[in-house]
Amino acid sequence: AQSVAQPEDQVNVAEGNPLTVKCTYSVSGNPYLFWYVQYPNRGLQFLLKYITGDNLVKGSYGFEAEFNKSQTSFHLKKPSALVSDSALYFCAVRDGRDDKIIFGKGTRLHILP
Amino acid sequence: GAGVSQSPSNKVTEKGKDVELRCDPISGHTALYWYRQSLGQGLEFLIYFQGNSAPDKSGLPSDRFSAERTGGSVSTLTIQRTQQEDSAVYLCASSLYRGYNEQFFGPGTRLTVL
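Just so you know, the sequences run in chain order X and V. Using this note's numbering, the letters of the first sequence map in sequence onto residues 2 to 114. Using this note's numbering, the letters of the second sequence map in sequence onto residues 2 to 115.
Here chain X stands alone, though its shape is the one from the complex:
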């Protein structure tokens, strides 16, 4: 069965600094990986995904993520954080042999002005 881990419950970053939100996964087949964001009092929104191809994928709001097969990781990154990036971020994985999508517990990102 697939699983996904977000080792940090909370990440604090100063505005303008680069940010990283970590995600590691475990699947039997090829992984399909996703990042979603949940702003306060709003639903989950899709940010980006890795299916195949380039290991670095770019998504909405200037976010990007790097797929690392050897480390089974899919960390979310942004070169320069904005206060408006403060939200709850979820990593999700689908095992290529199954259609079920499993989410991590989420990481709360605080961008400090």
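Simulated from the structure, these hints should not be mistaken for laboratory data. Misleading hints may appear alongside valid ones.
Distance windows between CB atoms, simulated [to be verified]:
hint	chain 1	residue 1	chain 2	residue 2	range
1	X	Asn18	V	Thr71	44 to 52 angstroms
2	V	Asn11	X	Leu113	43 to 51 angstroms
3	X	Val84	V	Gln81	43 to 51 angstroms
4	V	Asp19	X	Gly54	46 to 54 angstroms
5	X	Pro80	V	Lys16	46 to 54 angstroms
6	X	Leu57	V	Gly29	24 to 32 angstroms
7	V	Lys18	X	Asp10	31 to 39 angstroms
8	V	Lys16	X	Asp55	47 to 55 angstroms
9	V	Asp64	X	Pro80	47 to 55 angstroms
No residue lacks a Cβ here, since even glycine has one placed at the ideal position from N, Cα and C.
Given the coordinates of chain X, assemble chain V onto it according to the supplied hints.
What follows is chain V alone, placed relative to chain X:
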């Protein structure tokens, strides 16, 4: 077009009562998922429907939970004999065909069991 809608937005019930939560997916989306979001627990997978195939019920926490999807569209999640630990936000998501397509989430139903 319209997004995923869920009703009711809030539901308060007494322990032992049955509740029904409804999800209207985006038109044309064949995949439909139910998740439960509890404080500090992330999103817990409950059940997955794909077209007319048998649903993947592997995430349902007990036999008090059931779900159906009528006509490949609207889905209802039913919780029988509710318990206080069932209190959570129940999220529905839909996507095009397969799991490599991104999911579109509804606003959720906040269930409170007294």
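Inset, instruction - Could you check the hint for me, namely that Lys18(V) and Asp10(X) are 31 to 39 angstroms apart, CB to CB? - result: holds (34 angstroms)
Inset, instruction - Could you say whether the range 47 to 55 angstroms given as a hint is met by the Cβ separation of Asp64(V) and Pro80(X)? - result: holds (49 angstroms)
Legend entry - Asn11(V) versus Leu113(X) beta-carbon gap, inside 43 to 51 angstroms or not: 33 angstroms Cβ-Cβ, so the 43 to 51 angstroms window is violated.
Inset, instruction - For Lys16(V) and Asp55(X), compare the CB-CB distance with the range 47 to 55 angstroms and indicate the outcome. - result: holds (51 angstroms)
Inset, instruction - Starting from the hint 43 to 51 angstroms, judge whether the C-beta atoms of Val84(X) and Gln81(V) obey it. - result: Taking Cβ atoms as reference, Val84(X) and Gln81(V) lie about 45 angstroms apart, which means the hint holds.
Inset, instruction - State, for the Cβ atoms of Asn18(X) and Thr71(V), whether the hinted interval 44 to 52 angstroms holds or is violated. - result: holds (50 angstroms)
Legend entry - CB-CB spacing for Lys16(V) and Pro80(X) relative to the 46 to 54 angstroms hint: The hint (46 to 54 angstroms, Cβ to Cβ) holds, given that Pro80(X) and Lys16(V) are roughly 50 angstroms apart.
Legend entry - Beta-carbon spacing of Asp19(V) to Gly54(X) - inside the hinted bounds 46 to 54 angstroms or not: About 47 angstroms separates the Cβ atoms of Asp19(V) and Gly54(X), which means 46 to 54 angstroms holds.
Inset, instruction - Go ahead and decide if the range 24 to 32 angstroms is satisfied by the Cβ distance of Leu57(X) to Gly29(V). - result: holds (31 angstroms)
Violated hints amount to a single one, hint 2; each of the other numbered hints is respected by the structure.
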